[in-house]
Each structure stands twice: as structure tokens, then as C-alpha cells.
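Visitor: What follows is each chain in one-letter form.
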Amino acid sequence: MNRAILQGLCVLQLLGSPLAADEPIMNMMPRWAGGWGYQFVEEYRRESDLLLGDRKAYPGFTEDVHLMHLQGVYTWDRSIRLTAKLPYVLDARREMPDGLGGKKTEYDNGIGDLTLALPLKKYFNLDGRSGSWTFKPLLRVPLSGDDEYEIYDKEWGEGLELGYEFETANWAFGVSTSGWLNHSNKPFESFSSLDIGYNFQALGSNGTIFWETDFHYEDDGSETLSAGPAFYWNFNDTTHLRIEWKHDFHDRQGILDHGNGDTFKIGIGFVF
Amino acid sequence: MKLSKLKFVDSKRYKRGVDMDVKMQLLTLALRPGQKPDSKLIAKAVDDAGYVAVEWYTMDTGKLKTHPFPVPKR
Chain A
1 MNRAILQGLC VLQLLGSPLA ADEPIMNMMP RWAGGWGYQF VEEYRRESDL LLGDRKAYPG
61 FTEDVHLMHL QGVYTWDRSI RLTAKLPYVL DARREMPDGL GGKKTEYDNG IGDLTLALPL
121 KKYFNLDGRS GSWTFKPLLR VPLSGDDEYE IYDKEWGEGL ELGYEFETAN WAFGVSTSGW
181 LNHSNKPFES FSSLDIGYNF QALGSNGTIF WETDFHYEDD GSETLSAGPA FYWNFNDTTH
241 LRIEWKHDFH DRQGILDHGN GDTFKIGIGF VF
Chain B
1001 MKLSKLKFVD SKRYKRGVDM DVKMQLLTLA LRPGQKPDSK LIAKAVDDAG YVAVEWYTMD
1061 TGKLKTHPFP VPKR
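Residue numbers (this note's numbering), protein chains in the order written: chain A, 1 to 272; chain B, 1001 to 1074.
Only chain A is shown next, with the shape it has when bound in the complex (with noise of 0.2 Å):
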């Protein structure tokens, strides 16, 4: 008879390992059919000037911007998921200039517009990396209201996303670019990152430290490249933390609006 196990171990030599991309939980997981999770994700921006183009039209116009984001994801397959993502405006203020010399301050307060996405996945699996191409189409839903001025558009949009990302035993890689279709005279927008992560093991537990690197373009010459540190924690297989801040390293506004922040984002996740 097969002495087989040894002792009541299994041991078995698989291929792969987890990876990452921009959406709930913690752009990881849950990479298993069946899966599902929701994070809460609380955010602060700062942003110093008011830009026209290169320039600070009003130096020292800033805008102050706390939100809460709460997320979910639904896996059917590991090739086809549903991710949700419902912001809300905890407080946001920004100042302008009043016409007179002087600024005034406006006030945005309220859920935000929901952004619903389908991330399709084809997964890779080589010896020692294992990673994914990722075809995302992407559908924002207006629900945010209407006060002295707002963070979010109240319109309807559309976009799609590609993406590809792999990861090794010590190393995270990952890439991606959206496009957005915005209806009415909303300028035509453009997000690109480019990730690289360093995995680790401490405490019982792993997490990885990230350098992120993002960039946004809209059609009327707006263009923002803001990069920063991201640290993933993981407490357990059900509870994730995500600590990450940026800084606007290069800011030009098309259109007289805010630039030159700087973002801190951290949250909390949980998959089953």
C-alpha cells in the first residue's frame, strides 16, 4: 500500500502566484469562481494652486477633498468579474476667485457617481511568474447631486481598459490604460499607470511595497503625473489593508482648475 502521505501532509508543487490590478480587493483578489469581497477605501486630497496651463493663476487657491469610497467584486470565474465602485463626498471645499480680487469658497457633500466595470482576465502561468491580460469595459452611472460645485460630473460615461500585470515570487509588475467617452461637452480622458511592487513575509503574515505611477490626460490639455509609495498588508485570508500616498510631480490644467496635490488614501478590505 502507498505509504503515501506523509503523516498527514500534502505536499504539492503548483505554478503561480497572486497579482494585482485597479480594482476591489486591494486590485488583487478574489482571483477564485465564486469569490466576492468589499473594501472601504477613505481618501484626502490637497491641491495647492489654481492652474491655467502651466501656469498658478491663483497661487494659493487650494482645494481640500475628503471622500469615502466603498467597493465590492463579485467573481464568477476567474476569467469574468463585476467590480462596483460608489464614492461618496464626506466634505470637499475648494477656493475661487470672486471677481472682486478676493476668493470665495464653495462646497461639494454627497454620494458621488457609481462606477460599475467587467474586468475579463486571461490568466498566465509560467515557471516562476504568473500574471494576466486584462480587458475591462467600464460604465459610470451618474448619481452624484447638485451643490455649489462638484467633484464628480453627474454624467453618463463609458470606457474601456487594458491592462497586463505579472508577478514573481519576490517581484510585482503591472500596466494598464483606460479611456473615457464622456457625453455632453465633457473632454475625452485618459488614465495610465505603471506599478512595480516588492513582495515580503514578516509576522506570520506577507504584503508587498509598491512605487505607482499614474497619469491622466483629458482632451482640453489637462495632464497630471502624480507618483508615490503603496503598502499592502495581509492580515489573514479575509482582511487586507492598503496604505498609499501620491504627489503631483507634474500639473497642467487645460482649463482653469486646481493641480499641484498631493493624494493619502488608505483602506480596508475583506474577501471571501
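Heads up, some of the hints might be wrong.
To be verified - With the Cβ distance kept under 8 Å, some of the chain A side facing chain B (calculated, not the full set):
| id | residue |
| --- | --- |
| 1 | Trp32 |
| 2 | Ala33 |
| 3 | Arg46 |
| 4 | Tyr123 |
Quick caveat, the hints were computed from the structure, so don't treat them as lab data.
By construction, the Cβ of each residue, glycine as well, lies at the ideal position given by its N, Cα and C atoms.
Use these hints to put chain B onto chain A, whose structure you have.
Guide: Frame of chain A, contents of chain B only:
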């Protein structure tokens, strides 16, 4: 992946019954006493998660034996 939910896996050991050596791409499953692993179910759980199960190992009269996993049907 949902290996910990397989009935022959002892989820009270390791991390929900699974110990992962990422560098060696080696997974160790803790088995319930008296239980044998089902390679087809393991291969399906691994495949459903988007990975590839290559082979599994047993000890037979002091020698390590390798067994290829069946390729799951999709």
C-alpha cells in the same frame, strides 16, 4: 484559492490548512486524520483560482515519489 474548504483538509493547522512557500511555488496541505487527498479536487480548486497544479508528492518506503496532477477540464 479555496483549498481549505475541501473536506479532507484540516483547516485548523497552518493557515486554514494551507502552508505556502512562495519562493519554491510549493503548497503544503494539512490532511484530516485518516483522510487521503483527492488530486482531481485539488487540481480543480487550483485551476478555478487561475493557477496550475503541477505535481504532488508522497513518501513510499522512504523514497519521495512524484505524481503529475490531472489537467482539469474547462
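Visitor: Which numbered hints does this structure break?
Guide: Failing hint: just 3.
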